[in-house]
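If you read the sequences in order, they're chains A and B. Anchor point for the first sequence: position 174 equals 174 in our numbering, and the numbering is continuous, going up by one each time. Anchor point for the second sequence: position 42 equals 42 in our numbering, and the numbering is continuous, going up by one each time.
Read the hints as simulated data drawn from the structure, not as lab findings. Here the structure is a predicted model, which means the values were calculated and not measured. From the three backbone atoms N, C-alpha and C, an ideal C-beta is built for every residue, glycine too. Hints are supplied without guarantee of correctness; some may be wrong.
[What the hints assert, rightly or not] Chain A is nowhere near these chain B residues, computed Cβ spacing over 10 Å in every case:
1. 2
2. 31
3. 46
4. 71
5. 89
6. 97
7. 101
8. 107
9. 118
[What the hints assert, rightly or not] In silico DSSO-like cross-links for lysine-lysine, where the CA-CA straight-line distance does not exceed 30 Å:
10. A:501 x B:19
11. B:127 x A:409
12. A:525 x A:633
13. A:379 x A:446
14. A:616 x A:687
15. A:557 x A:593
16. A:678 x A:616
17. A:368 x A:394
18. A:490 x B:127
Spelled out, the chains give:
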Amino acid sequence: MPLFAGEDDRVTFIGAAVLAAIAVTAGIASFAILQDQVQSVVSSNLLSSVTRRIETFQDFIQLREGSARIAANRPAVLRNLRVIQGGRDDGSNVANVKAVVDSFLAQGISGIAYDDVDGKTVASGGVFVSAPIMAVSLNTASRAELLWSNGLVLRNRLPLQDAAGIVGTVLVEQPLPVLTRLMRETPWLGNETGEVGLCFERDQKLHCYPTRQNPQGFSVPLQSLSGLPLPMTLALRGQTGVGIIRDYREQYVIAAYGPAGDTGVGMVVKVDAAEAFKPIRTQLLIVLGLLAFLVVAGTLLLRWQVRPLATKLVNAETQARAQERKARGILESAPDAMIIVNRLGEIVLVNSQAEILFSYRQTELIDKPIELLLPDRYKDIHPGHRDHFFADPKVRSMGVGLELYGRRKDGSEFPIEVSLSPIETEDGVLVSSAIRDITERKRVEKELQEKNVELERASRARDLFLASMSHELRTPLNAIIGFTGTLLMKLAGPLLPEQDKQLRTVQTSARHLLSLINDLLDMAKIDANKLEIEPEEVDCNKLVEEVAAFLRPEAEKKGIAFILELPQAALIIRTDRRALGQILINLAGNAIKFTERGSVRILLERSCAQEHPSLKLSVEDTGPGISAEDQAKLFEAFSRVHAPNRRNLEGTGLGLHVSRKLAEKLGGVLTFDSEYGKGSKFVLELKAAEA
Amino acid sequence: MSARVLIIEDDSPSRELLKYLLESAGYVALQAADGGAGLSMSLETNPDLIVCDLQMPVLDGFEVIRGLLDNPNWRRVPLIAVTALSMSGDRERAIAAGFDEHITKPIAPETIVSQIEVHLPPALRAKRPASK
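Could you build the full structure based on these sequences and the hints that come with them?
See below:
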């Protein structure tokens, strides 16, 4: 398996890189902190070390100078030298001085010699340094010389003086083992490079006593190659301090320096920075090693242990992307502009319909407040509405009953309709809004409204026309039929038979014209849906009798039997009296009209077939019947049945058409059954509830 | 003395027809050619019965009867509506307005007089031999 092969390896790599970055940062930071601390600890220790050594140095110099002065002021020596000088030496005087010399040699003085005023040695003892590798006169009161010969030696030459004057000199040499050891021992830390330097300046050079590293002593310029003063130079200029600084070897050292009082020598205690920081370098290496190990281990852990998780995460992400693509696909498939907004009113997702609708690009909308798409006058109140929605998130229309407007990028507004629905997501509840531009619908609505008004006007005009037609046509007929009647009633005088016959023709024709007008008006009203049904309690027995009374004369005149069959009890139902009466007149009138022999029978029954008792009215005749050909178009307007021996003048062809329409208006059914040549039977059934 | 019947009717042939029928039956027929004239004649002439068309100029039949019923000086007599209005509900509207009868045009000359005189007190009905 390759180390980094795919998407999951990318995750591992990123993990490893992150770990490494953390490790490097932690390493550098810890090193910096450690170095700082080490430097401060080392510095303070070196400084106290140099201070302590300088004190010791001064103490010892002072102490040894004191010893030399004691040797110079020994009264016994002065007295004996005065005797010797006077030439009165008896041999005991020199011996006495010699005895003093011996006593001093027993007190830590390595060499002592008493000389007379001529410089001739009276008595001496011990060992004197013959060729010191280093020597300098100290700025002390006794002008002691500091020598180096296998160690530090302090040499004093002091005058021997009594009350009468100078009697000679004394030369005293005292080894300084403590100071020598102080110079050579390892200072506090720095087994390898730790060094204590003791130097003086002469001829623009530093002259230094032997050190651990330089057993022969050495001389170096006052400044390093870089032109900066050496720590010792600073000390000899009277400065006390500590710092990281270049020494005479051009090495970085941590050095503490200071002058040894006014003696003219300075002291430096130093250790190479490399050595001082060596412990923490080691620690740093250990830390870096550990961190490197952690990085490697972490990477391996990521690779072998976390990898399935990473793979899962990657898959989840892939799935999430697929999910988003899917959601986007669904959004895109919606016919409306879709905008998904979060709790804060920020746009989370939009489809391209929304881009088109609001003239924004998708990138201009994502993460922007939804108020961007609203007219300014709604901007203040809209967040409140949104809070309200999130308080009770459910599918609903926005601003029911209000006119809503959206705003395009160019600031133009347009009417919209918005429906909101909450979406539960991992990021919380979002609201999905489907937005529809209703400009076109508003226009159509307005157009429809205008059209409706127009139709209303037209409808009123037609109503008026129907009403006036009814009035205007009936009025002249009133006089025609009326005066024909008065003539036939012979109110104006007797009539000749021919006059009577002709007047009856006028009367029949006028009545026919009337029924034609009635049917036409009815049909117009039915077609205009203007025929109003006004239900009232109708005594059907009585209604049938009234119609029968009206038609009976016609039947009797034709010599056919006119039979009524009514139920025993009164049949009262709620229906429209006029419509029911007209249907019966049409049916019975037709029956009489077409029947030449036999009978017309009207049968009224209570039908109990339905839940509510209802009416069944049958009109049966023994007329010619209706041919199959005619049956098909029987109820059509202006259709006429071909009957033998019939004058075509009568009948409008509207009666059955209107009757069926009226029956339907009453909530009933008009059916017929006919056998050509034997007669017809029409049946009206009404479902009207019994009153 | 024969009862006096006021005919308020704007269509003169129809008015003539009614007048002829009523006079033939033995009544005194008074005539008004529009609603306005009809209303004033009703108050001035105190007819025994009023036959009134519904659709007329100046005042229609409903305005005439309202004018009569609202006038405390008018002596209540039978009111018969005769009209070419035959829409459903017209009869009910007429009865509700105060008319005693509603007869649609065209009238039946054979029966119109008896349809009208039913509403007169018997004493005021024209005396004539049983016809037909």
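Results for each hint:
1. 2: Per Cβ check, residue 2 (chain B) is outside 10 Å of chain A; nearest 17 Å; holds.
2. 31: For residue 31 (chain B), whose nearest Cβ neighbour in chain A is about 15 Å away, the distance exceeds 10 Å, so it holds.
3. 46: With a cut-off of 10 Å, residue 46 (chain B) remains clear of chain A, as the shortest Cβ separation is near 27 Å.
4. 71: The assertion about residue 71 (chain B) holds, with a minimum of 28 Å to chain A.
5. 89: violated (5 Å)
6. 97: holds (17 Å)
7. 101: Non-interface label on residue 101 (chain B) holds, nearest chain A Cβ at 16 Å vs cutoff 10 Å.
8. 107: violated (6 Å)
9. 118: At roughly 16 Å from the nearest Cβ of chain A, residue 118 (chain B) sits farther out than 10 Å, so the non-interface label holds.
10. A:501 x B:19: Holds, at about 26 Å.
11. B:127 x A:409: violated (96 Å)
12. A:525 x A:633: holds (22 Å)
13. A:379 x A:446: Between residue 379 (chain A) and residue 446 (chain A) the Cα gap is close to 29 Å, so the pair holds against 30 Å.
14. A:616 x A:687: Holds, at roughly 9 Å.
15. A:557 x A:593: Holds, at roughly 11 Å.
16. A:678 x A:616: Since the Cα atoms of residue 678 (chain A) and residue 616 (chain A) sit roughly 22 Å apart, the hinted pair holds (cutoff 30 Å).
17. A:368 x A:394: The hint holds at about 24 Å.
18. A:490 x B:127: holds (19 Å)
When held up to the earlier numbered hints, the structure conflicts with 5, 8, 11 and fits the remainder.
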